[in-house]
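K.L.:
The hints should help you fit chains B, C and D onto chain A, whose structure is shown.
Protein chains in written order, with the numbering used here: chain A, 1 to 83; chain B, 1 to 83; chain C, 1 to 148; chain D, 1 to 148.
What the hints contain is simulated information worked out from the structure, not anything from laboratory work. You can take every hint at face value.
The calculated label-pair distances, taken between Cβ atoms and stated as ranges, are:
no. : chain 1 : residue 1 : chain 2 : residue 2 : range
1   : C       : E141      : D       : F10       : 37 to 45 Å
2   : B       : E41       : C       : L68       : 40 to 48 Å
3   : C       : T43       : D       : L6        : 34 to 42 Å
4   : A       : D70       : C       : L68       : 49 to 57 Å
In silico negatives: residues of chain D with every beta carbon more than 12 Å from chain A:
no. : residue
5   : F10
6   : A14
7   : E15
8   : G27
9   : G42
10  : D65
11  : L68
12  : A69
13  : W71
14  : P72
15  : L73
16  : P87
17  : G88
18  : Q129
19  : R146
Straight-line alpha carbon distances no greater than 16 Å define the calculated EDC-like cross-link-like pairs of lysine to aspartate or glutamate that follow:
no. : chain 1 : residue 1 : chain 2 : residue 2
20  : D       : K124      : A       : E13
21  : D       : K4        : D       : D62
22  : D       : K124      : D       : E50
23  : C       : K124      : C       : E89
24  : C       : K124      : B       : E13
Built from N, CA and C at the ideal position, the CB exists for glycine as well.
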Amino acid sequence: MTLDVLYFAWVRERIGLPRETLETQAATVADLVAELSAREERYAAAFADTSALRVAVDQALTDFDAPLTDAREVAFFPPMTGG
Amino acid sequence: MTLDVLYFAWVRERIGLPRETLETQAATVADLVAELSAREERYAAAFADTSALRVAVDQALTDFDAPLTDAREVAFFPPMTGG
Amino acid sequence: MTVKLLSAPFDLAAETDAFAAAQTGAGGIVTFTGVVRDAETGTLERMEIEHYPGMTERALQDIRDAALARWPLSGAMIIHRFGTLRPGETIMMVATASRHRADAFAAAEFLMDYLKSRAPFWKKEVTGQGAAWVDARDVDEAALERWQ
Amino acid sequence: MTVKLLSAPFDLAAETDAFAAAQTGAGGIVTFTGVVRDAETGTLERMEIEHYPGMTERALQDIRDAALARWPLSGAMIIHRFGTLRPGETIMMVATASRHRADAFAAAEFLMDYLKSRAPFWKKEVTGQGAAWVDARDVDEAALERWQ
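Chain A on its own, in the form it takes in the complex (with noise of 0.2 Å):
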């Protein structure tokens, strides 16, 4: 599947890029994470503790567990700070 994940904040500082595609066969948001953190020390910095992250799957919020079918667009990034 390909897949488009972005990063936001400093997630994307932390990995160095704004967004990527990927081919990937990550069943969940969870898999994903394992592979991007298995790849490069820079990954494994910013997905170390993902209880600080929130993800959102074809841009709605979800959790961690959420499946990836049929998704399109994976977005990580801190808590919101908006308003």
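P.N.:
Chains B, C and D alone, transformed into the frame defined by chain A:
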């Protein structure tokens, strides 16, 4: 004691004047109400149900059993509807 | 000026801007504006607001002082009109500013609750069918209890 | 427009006035305005607000729709900026209008609570000493619970 007595909103309309100056020996607001009610029917009508009225002595909200010692101004009016 | 009692209309936009500009260190500004709404029947010609000169100014100051004593506000403002108002006109506004929004919201609700039931204003609605004093609502009196 | 996502400054006074003028039948209008406040040390140079294009617009619409579904509002508006802001500039505003003030206040607080924690914005403060992302506050997350 000389007292300025003021009326607002429908109390003013029912009694037919906005203010008057009285000589009275009333010791409390309730005494003053009794004295006025005994005077004329329009006062009795306005003061028929004091639970529907509010009173201020010297421009501070108070109760009908408040003393009038040293009072200079007493005002009667319905519950307020500002804002 | 932090408390204004006016017979003439006021400029909501200008007042809001001036209040916001005067705040230093505030993170959040809350305003409440009351507007003359038409009667249920759509026949309201005008609203007449009577007040108690002397006591009114004092009550508005006291209400503002009570809010300032209760919350860490960088500012609080009350404007209230009296006299004749037409449908759509602005009756009054309050504004509060604070570092945290919860304080600014609570203080604005407090100002409104006290203005409604403790400031000496009385509204009369005039329609083609006649004039009627607006009744105080039990819910307005009850709203005060949460601050006691 | 009831939801606006802007990089340029907006005119708080004009927006407030236009919102108020567009209400029919509303008795009360509540606004909340967020202002860039200086850092504790007074050295804030600017704030950078990052957002998630596409998701942001959708989140703002969803939050507004949820408020309209929950309270009898005659109107609700959200404006939020992104990009570079200076101290004293307005970050965002919400406005709500309803017949009864309690509904307008509750809806404005609801909009703010969801904007704070569910709309994809991230603030970074830049001072002479460097840059730091603003931490989410536990109290903001906790504030959502009262609406559930």
